[in-house]
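Heads up: the sequence lines are chains A and B, in that order. Our numbering puts the first sequence at residues 1 to 178. Our numbering puts the second sequence at residues 1 to 178.
It cannot be assumed that every hint is accurate.
Identical copies carry no separate label here, and so any pair may be met within one copy or between two of them.
[To be verified] PhoX-like cross-link-like pairs, simulated, lysine-lysine; straight-line CA separation at most 20 angstroms:
| # | residue 1 | residue 2 |
| --- | --- | --- |
| 1 | Lys59 | Lys130 |
| 2 | Lys102 | Lys8 |
| 3 | Lys59 | Lys38 |
| 4 | Lys160 | Lys38 |
| 5 | Lys163 | Lys118 |
| 6 | Lys95 | Lys118 |
| 7 | Lys118 | Lys99 |
| 8 | Lys85 | Lys59 |
Calculated directly from the structure, the hints in this document are not laboratory data.
One-letter residues, chain by chain:
2 protein chains.
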Amino acid sequence: MTRQRLEKGLVQVYTGDGKGKTSAAFGLALRAAGRGLKVYVIQFIKGGFDYGELYIVEKIPNLKLASFGRGKFVTEIPASEEDSKLAQEAFDIAKMVVKGGKYDVVVLDEVNVALNLKMISIDDVIDLIKSKPKHVELILTGRYAPMQIIDAADLVTEMKEVKHPYSQGVPPRKGIEY
Amino acid sequence: MTRQRLEKGLVQVYTGDGKGKTSAAFGLALRAAGRGLKVYVIQFIKGGFDYGELYIVEKIPNLKLASFGRGKFVTEIPASEEDSKLAQEAFDIAKMVVKGGKYDVVVLDEVNVALNLKMISIDDVIDLIKSKPKHVELILTGRYAPMQIIDAADLVTEMKEVKHPYSQGVPPRKGIEY
Numbered sequence: 001m002t003r004q005r006l007e008k009g010l011v012q013v014y015t016g017d018g019k020g021k022t023s024a025a026f027g028l029a030l031r032a033a034g035r036g037l038k039v040y041v042i043q044f045i046k047g048g049f050d051y052g053e054l055y056i057v058e059k060i061p062n063l064k065l066a067s068f069g070r071g072k073f074v075t076e077i078p079a080s081e082e083d084s085k086l087a088q089e090a091f092d093i094a095k096m097v098v099k100g101g102k103y104d105v106v107v108l109d110e111v112n113v114a115l116n117l118k119m120i121s122i123d124d125v126i127d128l129i130k131s132k133p134k135h136v137e138l139i140l141t142g143r144y145a146p147m148q149i150i151d152a153a154d155l156v157t158e159m160k161e162v163k164h165p166y167s168q169g170v171p172p173r174k175g176i177e178y
Numbered sequence: 001m002t003r004q005r006l007e008k009g010l011v012q013v014y015t016g017d018g019k020g021k022t023s024a025a026f027g028l029a030l031r032a033a034g035r036g037l038k039v040y041v042i043q044f045i046k047g048g049f050d051y052g053e054l055y056i057v058e059k060i061p062n063l064k065l066a067s068f069g070r071g072k073f074v075t076e077i078p079a080s081e082e083d084s085k086l087a088q089e090a091f092d093i094a095k096m097v098v099k100g101g102k103y104d105v106v107v108l109d110e111v112n113v114a115l116n117l118k119m120i121s122i123d124d125v126i127d128l129i130k131s132k133p134k135h136v137e138l139i140l141t142g143r144y145a146p147m148q149i150i151d152a153a154d155l156v157t158e159m160k161e162v163k164h165p166y167s168q169g170v171p172p173r174k175g176i177e178y
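One chain only, chain A, in its complex shape:
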């Protein structure tokens, strides 16, 4: 049986200060994998940390995950040389995976944050978007998506925080927030 491919892959962005950006990308990955599409999730910044998703991804056929990071969220500008090097490594893999065209859905998780921290070049990411194979769906997540990314995307959703218990002093919970 020939594997189904997308006729036309789009560029999706999930941004905003609300919850659910990475979860939406993983939910989408699940759906695509369920259809037999090949999915590659590349995590910028986040890797090395203990996330609940990591424990189940290996059970899902058609889904591959690569994480680049030192186990904590980078928030300072300029980011350290080590963090920037990891982000650049993540982007190099992303470029290979997208251009290779073997994967139907490629998620660049938290790439917007890496862009905002100037860890990778916005021109490089725009180049990647413009030169992606037609059938590849590209999904970019992370708050503070730069305007150039929004302009280049086909579908943009902003996750807006309406109400959040962190501000009421609830710490992140294992299995829910991470």
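Following the hints, put chain B in place on chain A, whose structure we already have.
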């Protein structure tokens, strides 16, 4: 080994006209299941239709899915008697699952839509929220979350459509939109 439970389960709402509400809930389900939490997803309205998620859910340990619907989205008010009956059935299961306390995370997918179409009673859902066992995380999705639901929730995220290709004439794609 004793199974880990949440110390305090919250009530989360994903609403708004943007993409990613159901996906965020499924992504969260994935994370929770990866942690060994028991997850039950109940789909209002949506069931009976061919969704990509359905093909992979059975491969995920700790994740159970029940769908109630006739294979198409209900949009008319008043909803037909048959659709309303299915929604009420879904809610009855939801009540049992939540109150039983055996599941740590319960997702009521598209329940907000069922509420808006008056297929189930808002007072019943508020009652369920108020009487849920402390350790149960309850997640409600669907556009048009009623204000009473938002008031009763701990965490509310609005998925806001910033840019959407449907309006550019791109039809829903298998593996991505469903």
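Checked hints:
1. Lys59 - Lys130: Intra 33 angstroms, inter 35 angstroms, cutoff 20 angstroms: neither.
2. Lys102 - Lys8: within (15 angstroms within a copy, 43 angstroms between copies)
3. Lys59 - Lys38: Answer is both: 14 angstroms inside a copy and 16 angstroms across each meet the 20 angstroms cutoff.
4. Lys160 - Lys38: Neither. Shortest intra-copy (30 angstroms) and inter-copy (28 angstroms) distances fail the 20 angstroms Cα cut-off.
5. Lys163 - Lys118: Neither. Shortest intra-copy (30 angstroms) and inter-copy (25 angstroms) distances fail the 20 angstroms Cα cut-off.
6. Lys95 - Lys118: within (18 angstroms within a copy, 48 angstroms between copies)
7. Lys118 - Lys99: neither (23 angstroms within a copy, 48 angstroms between copies)
8. Lys85 - Lys59: neither (30 angstroms within a copy, 36 angstroms between copies)
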